[in-house]
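**Q** One letter stands for each residue in the lines below.
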Amino acid sequence: GAVVSQHPSWVICKSGTSVKIECRSLDFQATTMFWYRQFPKQSLMLMATSNEGSKATYEQGVEKDKFLINHASLTLSTLTVTSAHPEDSSFYICSANSQPQHFGDGTRLSIL
Amino acid sequence: GQNIDQPTEMTATEGAIVQINCTYQTSGFNGLFWYQQHAGEAPTFLSYNVLDGLEEKGRFSSFLSRSKGYSYLLLKELQMKDSASYLCAVIYGGFKTIFGAGTRLFVKA
Chain F
1 GAVVSQHPSW VICKSGTSVK IECRSLDFQA TTMFWYRQFP KQSLMLMATS
51 NEGSKATYEQ GVEKDKFLIN HASLTLSTLT VTSAHPEDSS FYICSANSQP
101 QHFGDGTRLS IL
Chain G
1 GQNIDQPTEM TATEGAIVQI NCTYQTSGFN GLFWYQQHAG EAPTFLSYNV
51 LDGLEEKGRF SSFLSRSKGY SYLLLKELQM KDSASYLCAV IYGGFKTIFG
101 AGTRLFVKA
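Quick mapping for you: the protein sequence lines, in order, are chains F and G. The working numbering applies: residue 1 is where the first sequence begins, and numbers increase by one. The working numbering applies: residue 1 is where the second sequence begins, and numbers increase by one.
Honestly, the hints are just simulated from the structure, not real lab data. Hints are supplied without guarantee of correctness; some may be wrong.
Dumping the calculated DSS-like pairs for lysine-lysine here, alpha-carbon to alpha-carbon at most 30 Å [unchecked claim]: (1) LYS108/G <-> LYS96/G; (2) LYS76/G <-> LYS20/F; (3) LYS55/F <-> LYS20/F; (4) LYS108/G <-> LYS41/F; (5) LYS66/F <-> LYS76/G; (6) LYS76/G <-> LYS108/G.
Bear in mind that the values here come from a model prediction, so they are computed numbers and not experimental data.
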């Protein structure tokens with residue numbers, strides 16, 4: 001089945017730092033990848049849809065200048081949280097355009 | 001707008017059967033998924049329904065009624081390791097997915 005790898009698993013950093021999260025499809029080509037955010041005891045919330053070779057589509061309320069998405073190849077999408085602040089601390093998960101969606105293992109981001 | 005409702009929490013006894021309900025309202029429907037999510041981990045796929053009826057997969061079964069916008073996940077012979085959150089998700093408009101808030105299941109001895 002489809003395998004999605006996400007890195008890193010944990011990030012702890014100071015406020016104001018920019019953090020990059022990678023999402024790779026290991027055994028298939030992913031023209032579309034999805035980035036979700038999940039706060040404790042809440043649902044997965046779609047942040048943006050990443051399209052290979054074109055601009056990402058952001059959901060309402062998600063700042064595109066803060067959450068930079070790059071999908072430069074058919075196997076890699078990256079999410080960069082720029083100038084992260086404590087309120088950005090969350091669990092970030094990517095998935096790829098397979099059915100069912102297969103998720104990366106997630107990245108727990110903690111901003112001090 | 002799109003909406004999914006499922007109970008927040010359920011408790012059941014080891015060895016018993018539990019049914020987790022999900023109702024949805026979406027503009028279009030391409031399929032319904034159930035995922036299991038343990039705390040701090042990513043969701044893992046359990047089942048998929050696109051046509052009405054029951055899909056059985058070992059101890060897990062999932063039912064769908066598209067006319068009622070309703071699904072349930074049935075877990076049999078509950079084990080302690082089944083304690084987790086169970087997410088109902090609906091695909092609509094192609095690849096768009098909306099997730100329910102999840103039902104936290106506590107299995108007690």
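**Q** Is the hinted pair LYS108/G and LYS41/F satisfied, with a Cα-Cα distance of at most 30 Å?
**A** OK: LYS108/G and LYS41/F at ~20 Å, within 30 Å.
**Q** Is the hinted pair LYS108/G and LYS96/G satisfied, with a Cα-Cα distance of at most 30 Å?
**A** 36 Å, violated
**Q** For the pair supplied as a hint, LYS55/F and LYS20/F, confirm whether the alpha-carbon distance does not exceed 30 Å.
**A** Between LYS55/F and LYS20/F the Cα gap is close to 17 Å, so the pair holds against 30 Å.
**Q** Keeping to a limit of 30 Å between CA atoms, is the pair of LYS66/F and LYS76/G held or broken?
**A** 45 Å, violated
**Q** Given the hinted pair LYS76/G and LYS20/F, is their Cα-Cα distance within 30 Å?
**A** 41 Å, violated
**Q** Assess, step by step, whether the Cα of LYS76/G is no farther than 30 Å from the Cα of LYS108/G, and give holds or violated.
**A** At roughly 14 Å apart (the allowed maximum being 30 Å), LYS108/G and LYS76/G satisfy the hint.
Consistency with the previously given hints fails for numbers 1, 2, 5, ordered from lowest to highest.
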